[in-house]
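Novice: Heads up, the sequence shown is in the working numbering, so the first residue is 114 and it goes up one at a time.
These are computed hints drawn from the structure, not numbers from a lab. Values in this document were obtained by computation on a predicted structure and should not be read as measured data. Among the hints, erroneous ones may be present.
Quick list of simulated restraints, FRET-style, between CB atoms [unchecked claim]: (1) D317 to Y355: 25 to 33 Å; (2) C264 to D317: 20 to 28 Å; (3) D471 to W605: 47 to 55 Å.
Don't be surprised by glycine CBs; every beta carbon is placed ideally from N, CA and C.
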Amino acid sequence: MHYCIEVAEEVDIRLMHNIVPVVALCLVLVGSALAESVNPHGEMLQECNVCHSVSGWTPLLSPLPFSHDSTIFPLAGRHTGVSCLSCHATLKFAETQGACASCHKDVHTGQFGNTCENCHTPNSWDERLAMQTQHAATRFPLVGRHAQLDCQACHVSGIMAGLETACVSCHIEDYEKTADPSHTMAGFSVSCESCHDTRISDWDVSEFAHTSSFPLAGGHANRNCSECHGSISFINAPTSCYDCHRDDFERTAEPNHSSLEFPQDCAQCHTTVNWESDFDHQASEFPLTGRHVETSCNECHASGRFAGLDASCWSCHMADYQITDTPDHEEIQLPHDCQSCHTAQSWDAYFEHNSDTDFELTGAHVQIGCKECHVNGVLQGTPTLCVDCHLGEFAGTTSPDHQATGIGTQCLECHTTEAWDQGFDHSNTDFPLTGQHVQASCQQCHVNGVFEGTPSQCIDCHLADYTGTEDPDHQATGIGTQCLECHTTEAWDQGFDHSNTDFP
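Please put together the full structure from these sequences, using the hints given.
Specialist: See below:
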């Protein structure tokens, strides 16, 4: 056709009417040539311009508008990323087969048939979930660690069907090399599932039910088998604590179990949670309180005896009783009932004189030692009158002389426990002391030691002052003996005030 056009261009336009037959001939020839040409893609219904351009046969259009979804094999997953020629070995695309096996070699040699899509997908050749789903329909569903393994881990020879499903068929080496405990020496069953579970992620975690004869609890739960079954004796292993803990028993020094002949039934004092003794002294006949809680066993159980001991304080504290000198318990014959004065909180006596006796300690009595009142160790029947202890003070007092003046022995009438001196309060009598009377000594008024019945009129003490006064002469002028009319206790002189008369 190109030839025809070139010829036509060389012909004058005036000759076009002569060329028409020639062009017609060329078109017929070209049409015949096209009809007889072979399509390189074979029977392909798409037009050429779907993939090619008028610029040239190559390169192909980009992006390629052709959609593989319009074919019987839509592209999905990993198929979308491969080149056309990876699947289409020739340009006759329609001749390519859609079966997986046409492209993918069957490594299973037909053991699973030709339906690769049962286990594989275009998204991933290693589609584990799909494989597990298929495996679940077999005699050996995959669970636990088995679900995480590669196929080759179990199907080493590539044989998929008819494999043995017993654990030992794959795990015989694990069985034989296990040393804690040694399965072969102990004669363990090869039924691995009796102790192990594929649902547990760790092969070392055994679900062996130890509870059948010796439940594992507390510290026992974390022990290695060999720690108890050192002799590889599993069937007839002893179950008493002492069988395993004999060394602990014999080396214990606080208290010394061997020398004190402790029973070998460890569970009486110990638990599997903590080897430290859980013996509860509070449940015994002698609950521990105060300082007893901090005391070691040996301090009380020095003889090694634990049962039937005397629970009295005296049995342990006799030495404390004997060496105590404030007060001297032996000298004053204090009773051996220690708790009457002492507590477990503190050895210092808690004896309360105010509430436990008929003689309340107040004032100076609080500060003195027991011996000062309880002479010769006599505690019971000690007299409670003041004079019983203070007779020496009574007899030795000279201002005033209590004996000479006939003062009674009821000391509390004049004295208190706060202070022995100045105990008597004259304000509580019928003659309160005021003014100069406060400064006067007792003897000045109470001549010859007479206290009871002492007259209280001024003239009784001041008669000499009355008769001796000359300015004015009280007797000559007839001044009465009512001294307070002119005088006060503040000052004897200048007592009369003329301004208080009718003639100031």
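Novice: Confirm or reject each hint.
Specialist: Each hint tested on the structure:
1. D317 to Y355: 25 to 33 Å: 30 Å, holds
2. C264 to D317: 20 to 28 Å: Because 25 Å falls inside the window, the suggested range holds.
3. D471 to W605: 47 to 55 Å: At 51 Å between Cβs, range holds.
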